[in-house]
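Enquirer: So the chains spell out like this:
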Amino acid sequence: MTATAAPAPPDEQSDDEALPLRRTPARKRLVPYWLLLPGILWLIVFFAAPLVYQASTSIQTGSLEEGFKVTWHFATYWDALAEYWPQFVRSVGYAAVATVLCLLLGYPLAYLIAFKAGRWRNLVMILVIAPFFTSFLIRTLAWKTILADGGPVVGALNALHLLDVTSALGITEGHRVLATPLAVVCGLTYNFLPFMVLPLYTSLERIDPRLHEAAGDLYARPATTFRRVTFPLSMPGVVAGTLLTFIPAAGDYINSELLGSTDQKMIGNVIQSQFLRVLDYPTAAALSFLLMAAILAMVTLYIRKSGTEDLV
Amino acid sequence: MAATDTPAQDPTATTAPAAAPAPRRSSGKGLRWLRRNLVTLAGLATLAYLILPNVVVMVFSFNKPNGRFNYQWTRFSTDAWTDPCGVADMCGSLGLSLEIAVWATVGATVLGTMIAFALARYRFRARAAVNTLIFLPMAMPEVVMAASLATLFLNMGIQFGFWTILIAHIMFCLSFVVTAVKARVMSMDPRLEQAAQDLYATPVQTFLRVTLPIAAPGIAAGALLSFALSFDDFIITNFNAGSTVTFPMFVWGSAQRGTPVQINVIGTAMFLVAVLCVLAGQLAGNRRKRSKRS
Chain A
1 MTATAAPAPP
11 DEQSDDEALP
21 LRRTPARKRL
31 VPYWLLLPGI
41 LWLIVFFAAP
51 LVYQASTSIQ
61 TGSLEEGFKV
71 TWHFATYWDA
81 LAEYWPQFVR
91 SVGYAAVATV
101 LCLLLGYPLA
111 YLIAFKAGRW
121 RNLVMILVIA
131 PFFTSFLIRT
141 LAWKTILADG
151 GPVVGALNAL
161 HLLDVTSALG
171 ITEGHRVLAT
181 PLAVVCGLTY
191 NFLPFMVLPL
201 YTSLERIDPR
211 LHEAAGDLYA
221 RPATTFRRVT
231 FPLSMPGVVA
241 GTLLTFIPAA
251 GDYINSELLG
261 STDQKMIGNV
271 IQSQFLRVLD
281 YPTAAALSFL
291 LMAAILAMVT
301 LYIRKSGTED
311 LV
Chain B
1 MAATDTPAQD
11 PTATTAPAAA
21 PAPRRSSGKG
31 LRWLRRNLVT
41 LAGLATLAYL
51 ILPNVVVMVF
61 SFNKPNGRFN
71 YQWTRFSTDA
81 WTDPCGVADM
91 CGSLGLSLEI
101 AVWATVGATV
111 LGTMIAFALA
121 RYRFRARAAV
131 NTLIFLPMAM
141 PEVVMAASLA
151 TLFLNMGIQF
161 GFWTILIAHI
171 MFCLSFVVTA
181 VKARVMSMDP
191 RLEQAAQDLY
201 ATPVQTFLRV
211 TLPIAAPGIA
221 AGALLSFALS
231 FDDFIITNFN
241 AGSTVTFPMF
251 VWGSAQRGTP
261 VQINVIGTAM
271 FLVAVLCVLA
281 GQLAGNRRKR
291 SKRS
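Residue numbers (the working numbering), protein chains in the order written: chain A, 1 to 312; chain B, 1 to 294.
In case anyone wonders, no lab produced these hints; they're calculated from the structure. Note that the structure is a prediction, hence the values are computed from the model and not measured. Glycine included, each C-beta is placed from N, C-alpha and C at the ideal position. Treat the hints with care, as some may be off.
[Said to hold, decoys possible] Derived coverage of chain B by chain A (criterion: at least 3 residues anywhere in the stretch with Cβ under 8 Å from a Cβ of chain A; other residues may be distant):
#1 60-67
#2 80-91
#3 184-193
#4 206-216
#5 232-246
#6 267-273
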């Protein structure tokens, strides 16, 4: 990346007033590099370099007192995987379920805003964005109240014997919702739902409503119109929404910490406690490197498969 | 919100084909109405799911809990509203969060707008590399960025605190500003700038009086997004704050120590102020549009 600024001839700056005709294009050629320089430098120093640094930390050994040294100790990776693979699998699983739920819940809402809300569109839009203005930690804590053991939600679910069903499926335990996978997935779904709704809305809103009329004129039933016209045209939104939901959800540790128990710990929780409490930096680095690699691999595969490479 | 359904109920008002439920006409008006409005009802249910926690936060800001935790309704009280800063350190952390958010917004908006203009307006080498570097922070789980940056600070022996938080916030807000501004500048008609130059405007005049005003909504969107992201950030701050406590860090800590009602007061107040601002902005926009038309 340092080569970016290289084509700038250094002596170009010195001859100030001479040869104005030849100087102008040279200066112009430099403009983009000067515009890029500070921001890109910031990203290199505080984003890219730390990632490289972290990769080297993951193969170090040592202790806090004696300091850490690079010893090419790749065993950290195997040890970390052997110990924390359940959290890894859980993270991917919870994030995948939350993403699917976000899509199922978010699509009707995006559709409503794009095609049905009419003059209420702006109000509904505000209501989708407004929750952002209250700190998400406060809102996640509110779920503790909503899903509380003696609360109306748990009471209703118990009365309908739904919690017996979910307990049999292993997503709740006993007659409660808090401190179960259901609560964590519910929190994840809630927290990342707007990230699904907004891109979906953007791509739905671009669809020409006349296409719907045309489909209807050609005797397509509404379900067929949706399957053959609307949904395919909203694919960019679906891809963007799933990525924006899945990636942060897989690395999240707030929902499982606030709404789950020790049995719902995700990989984010492990990285956080290894780094901030256990102070085992190599393990934390190895785990977050693995998480990054896994997510980048999945995202690349997904973008290839869904065929919208121009998305990025 | 139920009023949203009324236009769809009237078959003459909708453009959607109304021929679908023909074979089931006998199954009653109610069922037909339900079928036609199923999407609307599902959308409204999702909306309710999104809004519910805010309602709970608001209601529980009037609670007077017995214990240290504000999770169970006890009785109505306005104590917390009359004494919002009654909890030790909370308003201090709120002020710190606002301060960091303002500086992070300024930093990210300036740096991000510059990059966006370079990307939208110039051809240069390493373009693909720059695009990747902008995209990656948005496609990276926050824990990964947080842990790696903290590792760097730790090994450089840099003291964690205000500056490390600010550096981290500018870093992750930058990409969002670039995306917002770039989209706006790209969609701008280049003939406007050519016209300005044909009318003998200098490049500086063209930039200040034509380009910048047109790009302004994109810059404003990027800045607003930066402010919101920075103010509400927890994960990256958690790793890079040391013993400095921002507002989200305070809330996180209180989840362990006991949640004061004042947290809900702050949450509700922020929500109301933001909604009022948006509504006011929209009303002003509508009025301007109307006065332009007449």
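Enquirer: With a C-beta cutoff of 8 Å, work out whether three or more residues of the region 80-91 of chain B approach chain A closely enough for the coverage to hold.
Expert: Contact hint for the region 80-91 of chain B vs chain A: violated, 0 residues under 8 Å.
Enquirer: Test coverage of the region 184-193 of chain B by chain A using CB-CB distances below 8 Å; three residues minimum.
Expert: Answer violated; 0 residues pass the 8 Å Cβ test.
Enquirer: Under a C-beta cut-off of less than 8 Å, do 3 or more residues of the region 267-273 of chain B approach chain A closely enough to confirm the stated coverage?
Expert: Per the Cβ count (5), the hint holds.
Enquirer: Quick check: the region 60-67 of chain B, covered by chain A? Criterion 3+ residues, Cβ under 8 Å.
Expert: Since three or more residues must qualify, the claim that chain A covers the region 60-67 of chain B is violated, with 1 doing so at under 8 Å.
Enquirer: Apply the coverage criterion to the region 232-246 of chain B and chain A: a residue qualifies when its Cβ sits closer than 8 Å to a Cβ of the chain, and three qualifying residues are needed.
Expert: holds (count 5)
Enquirer: With a C-beta cutoff of 8 Å, work out whether three or more residues of the region 206-216 of chain B approach chain A closely enough for the coverage to hold.
Expert: violated (count 0)
Hints 1, 2, 3, 4, counting from the list given before, are not met by this structure.
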